[in-house]
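Respectively, the protein sequence lines represent chains A and B.
Its first residue numbered 1, the first sequence is counted upward by one per residue in the numbering used here.
Its first residue numbered 1, the second sequence is counted upward by one per residue in the numbering used here.
Check before you lean on any hint, since a few could be wrong.
Said to hold, decoys possible - Simulated crosslink set (DSSO-like; lysine-lysine; CA at most 27 Å straight-line): (1) A:K138 with B:K168; (2) A:K24 with B:K45; (3) A:K179 with B:K176; (4) B:K176 with B:K78; (5) B:K176 with A:K45; (6) A:K179 with A:K123; (7) A:K138 with B:K176.
It is worth saying that the hints were derived from the structure and are not from the lab.
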Amino acid sequence: MTVFFHYSLYGFANVYLVGNDDTKEAIIVDPAAFTIGLLDFIEGKGYTPKAVLVTHSHAHHVDGLRTLLRIYDAEVYSSNAMIGEIQCRTVRDAEVFSACGLEIEALSVPGHSPDSIVYRIEKLLFTGDALHAGLVGKTASQYGSRLLKEQLSKKVLNQDDDCIVLPGHGPPSTIGAEKLYNLGWRTVRSDGLTRS
Amino acid sequence: MYDFRRCEAPDCRATALTGFSCCADHCHDPEAVAASIAGLIRSSKSIRSVNASGLRFEGLDLSGKSFYACSFSGTVLKNVAFTGCTFRMCFFDFCSADSCDFSGIDAQFCSFAGARFLNISFEHSELVHNNFDGVRTSDSTFNDSDLYNSRFIQSEFEKTDFVDCNLKRAFIIPSKEIDVSWRLSNTQEAILGVDRLEE
Numbered sequence: 001m002t003v004f005f006h007y008s009l010y011g012f013a014n015v016y017l018v019g020n021d022d023t024k025e026a027i028i029v030d031p032a033a034f035t036i037g038l039l040d041f042i043e044g045k046g047y048t049p050k051a052v053l054v055t056h057s058h059a060h061h062v063d064g065l066r067t068l069l070r071i072y073d074a075e076v077y078s079s080n081a082m083i084g085e086i087q088c089r090t091v092r093d094a095e096v097f098s099a100c101g102l103e104i105e106a107l108s109v110p111g112h113s114p115d116s117i118v119y120r121i122e123k124l125l126f127t128g129d130a131l132h133a134g135l136v137g138k139t140a141s142q143y144g145s146r147l148l149k150e151q152l153s154k155k156v157l158n159q160d161d162d163c164i165v166l167p168g169h170g171p172p173s174t175i176g177a178e179k180l181y182n183l184g185w186r187t188v189r190s191d192g193l194t195r196s
Numbered sequence: 001m002y003d004f005r006r007c008e009a010p011d012c013r014a015t016a017l018t019g020f021s022c023c024a025d026h027c028h029d030p031e032a033v034a035a036s037i038a039g040l041i042r043s044s045k046s047i048r049s050v051n052a053s054g055l056r057f058e059g060l061d062l063s064g065k066s067f068y069a070c071s072f073s074g075t076v077l078k079n080v081a082f083t084g085c086t087f088r089m090c091f092f093d094f095c096s097a098d099s100c101d102f103s104g105i106d107a108q109f110c111s112f113a114g115a116r117f118l119n120i121s122f123e124h125s126e127l128v129h130n131n132f133d134g135v136r137t138s139d140s141t142f143n144d145s146d147l148y149n150s151r152f153i154q155s156e157f158e159k160t161d162f163v164d165c166n167l168k169r170a171f172i173i174p175s176k177e178i179d180v181s182w183r184l185s186n187t188q189e190a191i192l193g194v195d196r197l198e199e
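Take the sequences, apply the hints, and build the full model.
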């Protein structure tokens with residue numbers, strides 16, 4: 001398995017290509033905007049995209065889907081049945097499925113958006129906007145914030161410390177680092193100060 | 001990526017080192033394993049998918065090499081020269097580096113989270129899209145480097161300079177700063193608090 005990342009200037013989002021070195025098939029994680037740069041990136045790697053994993057359907061992560069599907073015959077995996085007019089293969093929490101010869105586990109982590117999914121492939125965690133290096137995803141309410149942290153604690157932070165976090169924005173991290181340095185776990189004391 | 005094959009020791013969940021069936025904690029002779037992996041790295045200009053987590057390397061000159069999807073997490077690095085190296089998706093999490101030279105490197109999408117840096121130079125480097133969360137630096141320098149979109153959350157800096165650095169979209173939220181210079185760096189373009197998040 002080989003993983004490549006592409007930095008999309010649209011929304012400053014990360015696009016990932018996960019290649020199966022045996023079959024030469026590839027999974028695209030969150031196609032962002034489909035630009036010449038992204039096309040060059042995909043074509044330059046020598047893999048054929050056969051699957052797309054959508055962590056959540058915010059525009060700057062999925063706008064490239066329509067064009068990508070006109071070029072490549074790929075199945076789209078998402079927690080939604082449809083994204084725009086695109087039909088998706090729906091994934092559910094804790095579901096394990098196979099794409100491009102790779103085993104993938106879907107972990108539902110609502111909070112940043114109701115449809116947020118973290119995909120685990122071996123020790124790689126594609127966290128979308130649910131978890132970034134040093135930060136948890138932005139939420140619209142305190143309820144959403146609590147829900148997201150609870151889901152991350154139960155399903156993501158319980159992974160091995162050496163699991164690699166590949167987020168939708170910003171640099172990569174590991175579960176061990178996120179447990180220690182993520183600002184999302186800081187609590188506010190009654191005196192207004194924060195503690196880790 | 002490097003192979004995520006598990007260490008053969010019972011109940012160990014760590015990933016086995018490249019070319020071996022165990023992790024650094026369960027190797028019978030970690031020094032010999034480190035020497036073997038150092039030899040593997042020295043023999044090639046472009047190094048892909050090598051897992052050297054938890055090993056100790058001392059007095060190596062790896063200048064000018066390119067590393068892709070390699071892990072040096074939890075390593076102890078002493079007097080190692082990475083001068084002018086290229087790193088893509090490499091991991092130095094929780095490593096302990098003393099008197100190492102990372103000057104002139106081109107590192108993108110790498111993680112140094114939780115690393116301890118003593119007397120380290122990152123001068124004149126491209127450090128774009130890297131994770132330095134929780135690093136503790138002392139007597140170190142990042143002068144004249146591009147830190148675009150990198151993160152320094154809950155980091156601790158002591159006698160560390162960031163003179164004339166590009167900090168655009170960089171998260172600079174340290175928990176400790178003693179004797180740090182940001183002279184000539186565009187701190188106004190950095191993200192200095194979580195209230196400026198758009199994502």
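Going through the hints against the structure:
1. Distance hint between K138 of chain A and K168 of chain B is fulfilled; the C-alpha atoms sit about 21 Å from each other, no more than 27 Å.
2. Annotation: proposed proximity of K24 of chain A to K45 of chain B holds, straight-line Cα distance about 25 Å (limit 27 Å).
3. Using a Cα cut-off of 27 Å, the hinted pair K179 of chain A and K176 of chain B holds, with the two alpha carbons roughly 19 Å apart.
4. For the given pair, K176 of chain B sits about 25 Å from K78 of chain B by alpha-carbon distance, which is consistent with the 27 Å threshold.
5. Proposed proximity of K176 of chain B and K45 of chain A is contradicted: the alpha carbons are some 42 Å apart, above 27 Å.
6. Restraint check for K179 of chain A and K123 of chain A: satisfied, since their Cα atoms lie roughly 16 Å apart, inside the 27 Å limit.
7. With a C-alpha separation of about 25 Å, the suggested pairing of K138 of chain A with K176 of chain B holds against the 27 Å cut-off.
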